[in-house]
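Trainee: Sequence:
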Amino acid sequence: MVQHRPHTTVVLAMSADGKIADFRRSPARFGSKADIAHLEKQIAASDAVIFGAGTLRAYGTTLTVSHPQLLQRRTQEGKSPQPVHIVITQSANLNPEIHFFKQPVKRWLLTTKVGALTWEGRSQFDEILVFETPTGKIDTLTALKHLVSLHITRLVVLGGGELVASMLELDLIDELWLTVCPLILGGANAPTPVSGVGFLANLAPRLQLLEVHQVEQEVFLHYRLQRPVD
8 MVQHRPHTTV
18 VLAMSADGKI
28 ADFRRSPARF
38 GSKADIAHLE
48 KQIAASDAVI
58 FGAGTLRAYG
68 TTLTVSHPQL
78 LQRRTQEGKS
88 PQPVHIVITQ
98 SANLNPEIHF
108 FKQPVKRWLL
118 TTKVGALTWE
128 GRSQFDEILV
138 FETPTGKIDT
148 LTALKHLVSL
158 HITRLVVLGG
168 GELVASMLEL
178 DLIDELWLTV
188 CPLILGGANA
198 PTPVSGVGFL
208 ANLAPRLQLL
218 EVHQVEQEVF
228 LHYRLQRPVD
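Just so we're aligned, residue 8 is where the sequence shown starts under our numbering, counting upward by one.
Note that these hints are calculated values from the structure, not bench results.
Ideal Cβ positions, reconstructed from N, Cα and C, are used throughout, including at glycine.
It is possible that some hints are incorrect.
[Stated by the list, open to error] Mimicking DSS-like on lysine-lysine, the simulated pairs with C-alpha atoms at most 27 Å apart in a straight line are:
#1 Lys144 with Lys48
#2 Lys120 with Lys152
#3 Lys40 with Lys86
#4 Lys120 with Lys86
#5 Lys109 with Lys120
#6 Lys113 with Lys40
#7 Lys109 with Lys86
#8 Lys86 with Lys113
#9 Lys48 with Lys113
[What the hints assert, rightly or not] What follows is a list of derived Cβ distance ranges for each label pair:
#10 Thr149 with Gly203: 29 to 37 Å
#11 Ser202 with Thr140: 17 to 25 Å
#12 Asp178 with Pro111: 43 to 51 Å
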């Protein structure tokens, strides 16, 4: 575990051509039951999950732990039934009527000073975390360091591509689980697991393949970020 911040794992499903949604950015529901079970297992092993506002707007909901064995394991480990669900967003422009705000989970908002104003004094979020750079952007590095003090030592990133890109750029990702699903979505504007500006090949983050599993027509790839040995 990285001591100064949570151990962070990205978990995403994508098409065979590397898209996490279609060109309309519709909710990605092309993963199989096995993929959903895999995602639930990763969520159950975490102290918190984090996702961007775009991901939340697309689905309107979040995946909770429901499998009895996973719930039992969390109880045996002295954890609450559900990990904390953290929404990270600059503007915090979210619809308070979506189902997410009715789900039985602790909800935290990670945002800017301006974003926090919308939700102050309201009950939808249990915690509002404000970490801002001098330029008014979210200070993700400092925020993740703070999460450790709140007993968040394992963090799962559920998207979207902008969030994953920004965290990779800051070297805040330790592992990735990518499910390759048997369909082609195409589209120049369809989102991918990592968006943002992108990386030049000689400066790109490098991965070490840890595991490969095939379940029927899907392939589950488990990578670790390569880092220089001290």
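Trainee: All hints are to be evaluated individually against the structure, with a verdict given for each.
Mentor: Verification of the supplied hints:
no.	hint	result
1	Lys144 with Lys48	violated (32 Å)
2	Lys120 with Lys152	holds (19 Å)
3	Lys40 with Lys86	holds (26 Å)
4	Lys120 with Lys86	violated (31 Å)
5	Lys109 with Lys120	holds (25 Å)
6	Lys113 with Lys40	holds (25 Å)
7	Lys109 with Lys86	holds (21 Å)
8	Lys86 with Lys113	holds (13 Å)
9	Lys48 with Lys113	holds (18 Å)
10	Thr149 with Gly203: 29 to 37 Å	violated (20 Å)
11	Ser202 with Thr140: 17 to 25 Å	holds (20 Å)
12	Asp178 with Pro111: 43 to 51 Å	violated (34 Å)
Of the numbered hints listed earlier, those contradicted by the structure are 1, 4, 10, 12.
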